[in-house]
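Student: Letter by letter, the chains look like this.
2 protein chains.
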Amino acid sequence: MSSADHAELALTLEVASTPKPGNVDRHRDHDDLRFEQFLAGAVGSRPGLELAAGDAGLGDAFERAVRGMSQQSGGNTQFGCLLLLVPLVRAAATDRLSPDGLRDVTGATTVDDAAAFYRAFEYVDVAVDDPPDEAPDLDVRRGADAVPALRDRGLTLADVMEMSADHDANAAEWTGGFGRVFDAADRVLDDDGPVTDRLARAFLDLLAERPDTLVAIDHGTDRARAVSREADAVRGDLDAAETLADRFLDEGINPGTTADLTAATAFVALERGVPV
Amino acid sequence: MSSADHAELALTLEVASTPKPGNVDRHRDHDDLRFEQFLAGAVGSRPGLELAAGDAGLGDAFERAVRGMSQQSGGNTQFGCLLLLVPLVRAAATDRLSPDGLRDVTGATTVDDAAAFYRAFEYVDVAVDDPPDEAPDLDVRRGADAVPALRDRGLTLADVMEMSADHDANAAEWTGGFGRVFDAADRVLDDDGPVTDRLARAFLDLLAERPDTLVAIDHGTDRARAVSREADAVRGDLDAAETLADRFLDEGINPGTTADLTAATAFVALERGVPV
Numbered sequence: 001m002s003s004a005d006h007a008e009l010a011l012t013l014e015v016a017s018t019p020k021p022g023n024v025d026r027h028r029d030h031d032d033l034r035f036e037q038f039l040a041g042a043v044g045s046r047p048g049l050e051l052a053a054g055d056a057g058l059g060d061a062f063e064r065a066v067r068g069m070s071q072q073s074g075g076n077t078q079f080g081c082l083l084l085l086v087p088l089v090r091a092a093a094t095d096r097l098s099p100d101g102l103r104d105v106t107g108a109t110t111v112d113d114a115a116a117f118y119r120a121f122e123y124v125d126v127a128v129d130d131p132p133d134e135a136p137d138l139d140v141r142r143g144a145d146a147v148p149a150l151r152d153r154g155l156t157l158a159d160v161m162e163m164s165a166d167h168d169a170n171a172a173e174w175t176g177g178f179g180r181v182f183d184a185a186d187r188v189l190d191d192d193g194p195v196t197d198r199l200a201r202a203f204l205d206l207l208a209e210r211p212d213t214l215v216a217i218d219h220g221t222d223r224a225r226a227v228s229r230e231a232d233a234v235r236g237d238l239d240a241a242e243t244l245a246d247r248f249l250d251e252g253i254n255p256g257t258t259a260d261l262t263a264a265t266a267f268v269a270l271e272r273g274v275p276v
Numbered sequence: 001m002s003s004a005d006h007a008e009l010a011l012t013l014e015v016a017s018t019p020k021p022g023n024v025d026r027h028r029d030h031d032d033l034r035f036e037q038f039l040a041g042a043v044g045s046r047p048g049l050e051l052a053a054g055d056a057g058l059g060d061a062f063e064r065a066v067r068g069m070s071q072q073s074g075g076n077t078q079f080g081c082l083l084l085l086v087p088l089v090r091a092a093a094t095d096r097l098s099p100d101g102l103r104d105v106t107g108a109t110t111v112d113d114a115a116a117f118y119r120a121f122e123y124v125d126v127a128v129d130d131p132p133d134e135a136p137d138l139d140v141r142r143g144a145d146a147v148p149a150l151r152d153r154g155l156t157l158a159d160v161m162e163m164s165a166d167h168d169a170n171a172a173e174w175t176g177g178f179g180r181v182f183d184a185a186d187r188v189l190d191d192d193g194p195v196t197d198r199l200a201r202a203f204l205d206l207l208a209e210r211p212d213t214l215v216a217i218d219h220g221t222d223r224a225r226a227v228s229r230e231a232d233a234v235r236g237d238l239d240a241a242e243t244l245a246d247r248f249l250d251e252g253i254n255p256g257t258t259a260d261l262t263a264a265t266a267f268v269a270l271e272r273g274v275p276v
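First to last, the sequence lines map onto chains A and B. Quick note, the first sequence lines up with residues 1 to 276 if you use the working numbering. Quick note, the second sequence lines up with residues 1 to 276 if you use the working numbering.
Note that these hints are calculated values from the structure, not bench results. Keep in mind that a hint or two might mislead.
Pair by pair, the computed Cβ-Cβ distance ranges are [claimed, not checked]:
| # | chain 1 | residue 1 | chain 2 | residue 2 | range |
| --- | --- | --- | --- | --- | --- |
| 1 | A | Gly107 | B | Asp125 | 32 to 40 Å |
| 2 | B | His30 | A | Gly273 | 23 to 31 Å |
| 3 | B | Asp145 | A | Asp197 | 23 to 31 Å |
| 4 | A | Asp125 | B | Arg141 | 50 to 58 Å |
| 5 | B | Thr221 | A | Asp232 | 50 to 58 Å |
| 6 | B | Asp183 | A | His167 | 34 to 42 Å |
| 7 | B | His30 | A | Ser2 | 42 to 50 Å |
| 8 | B | Asp125 | A | Gly220 | 53 to 61 Å |
| 9 | A | Asp197 | B | Arg141 | 55 to 63 Å |
On a predicted model such as this, the values are computed, not experimentally measured, just so you know. We treat Cβ as the ideally placed atom computed from N, Cα and C, and that holds for glycine.
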């Protein structure tokens, strides 16, 4: 399979893996977001993933992927997943799928890539934190309207990610050579059983090891820390995690950034030969 | 989305639709065949589906799709689905997605297409009936070894399907302008609710209206007729169908040909705008 194939399959395996407490998975829908909308999001993102595997600008590939993903009625299914997958696909397609390789890929991004990233926010509503006080003009929710400010400041996509790295786990991967993703993929490869069980355990590990930044945006940092402690308590125990999954669903706790990291983990594991 | 996108999505929606009594679905695995292997089969079949949307030979497109589908460890996930989807994709991509259009597409197949169809049996084990007494040399289980016999007799892929139409529901669609598939897609479009619920109801209707030919191969025609009567009894009632699904799973009843028809139905419904 090609890297674009693996990325698309990773998107479907992420949502198929269960239980992933608080997220849509094979056994749970949200009221406003259904399992099959993630399947459509995965298939729709394909042209963007193919651009990522080629030599298009990384931002253009991401924007195209998000545009395709948004062709279903659930809204934002996989924006964060794609933000991680696009550089990973580029690295894999150019034989650089390692932390150093990812630093090369992200370090080579341009202001045009940043502009395309901002444009991608026009396609779906994405839950984000407020912009830094000193840069209200860079609020991603402004979409394309923020592009002149980006150009004035000469910010590349890597620079934009750097600005969010302290409060967004996906941005932190961009600036950190995807260290958490590579570590999680190693654990998946060392694990056994069906790949979807391995990914569900990887999700619990990721959530236990660091608070989910989407939960922090939605419910505050204290609650996000508590959620991670609850994940830690059921780590490695998918039966116990079932109960937690039902409760998080009732309470509206959605660790979506950890799901993004899980999709990226699935991609690296597939590239490295995890059996399906 | 392109026709290849719709075909790939149709493969994933088919397996996501639940309950589909006796088949792998969102809530049920078989001991030797898991949900995520269908996801991998769908992604893997993509290059073949793209050939079907282009101008490759229909047999070559099918063989490529099956080869890609087989890149997972579950074995035969979607051979029959692809046999239906390949001509449907060709018809959609050439603006002929109608019974007459499908008759044109299948009627234009050649001996080379038949040879590629036979070669596709080399990639996975497919449950099939015995060949006709007068043509043991045309047993599909011979794979490429049967190709000289095909060429001697000058049989096109449409001719091969004609020979099986009385005992294989997929072959019957090939020779009948995909009439059952188009009818089922009309019902899906007229139905309401999530697309996966509509497809589960379509599956029950298809199973109720005619015995499943894979069940007939595995368990005999009497049992296949009884299975259809049981499906008829729960038609339109997905809660009642849950109980039937658990029982068929226990009894090893696998109406796989009806699942193939359901995937084809999903494709036509997607092409005609069913919402996801």
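Student: At the C-beta level, are Asp197 (chain A) and Arg141 (chain B) separated by a distance inside 55 to 63 Å?
Tutor: Hint violated: Cβ distance 35 Å, outside 55 to 63 Å.
Student: Regarding His30 (chain B) and Gly273 (chain A), is the given constraint of 23 to 31 Å on their beta-carbon distance met?
Tutor: Roughly 24 Å apart at Cβ, these two residues keep to the hinted range, so it holds.
Student: Given a hint of 34 to 42 Å, does the C-beta separation of Asp183 (chain B) and His167 (chain A) actually sit inside it?
Tutor: 54 Å, violated
Student: Is it true that Asp125 (chain A) and Arg141 (chain B) lie within 50 to 58 Å of each other by Cβ?
Tutor: The hinted range 50 to 58 Å holds for Asp125 (chain A) and Arg141 (chain B), with Cβ atoms some 53 Å apart.
Student: Confirm or reject the claim that Asp125 (chain B) and Gly220 (chain A) have a C-beta distance inside 53 to 61 Å.
Tutor: 55 Å, holds
Student: Is the distance from the Cβ of His30 (chain B) to the Cβ of Ser2 (chain A) consistent with 42 to 50 Å?
Tutor: 28 Å, violated
Student: Quick one: are Gly107 (chain A) and Asp125 (chain B) within 32 to 40 Å, going by C-beta?
Tutor: Distance hint for Gly107 (chain A), Asp125 (chain B) is violated at roughly 49 Å.
Student: Holds or violated: the 50 to 58 Å window for the beta-carbon distance between Thr221 (chain B) and Asp232 (chain A)?
Tutor: 56 Å, holds
Student: Does the Cβ pair Asp145 (chain B), Asp197 (chain A) satisfy 23 to 31 Å?
Tutor: 40 Å, violated
This entry does not satisfy hints 1, 3, 6, 7, 9, going by the numbered hints stated previously.
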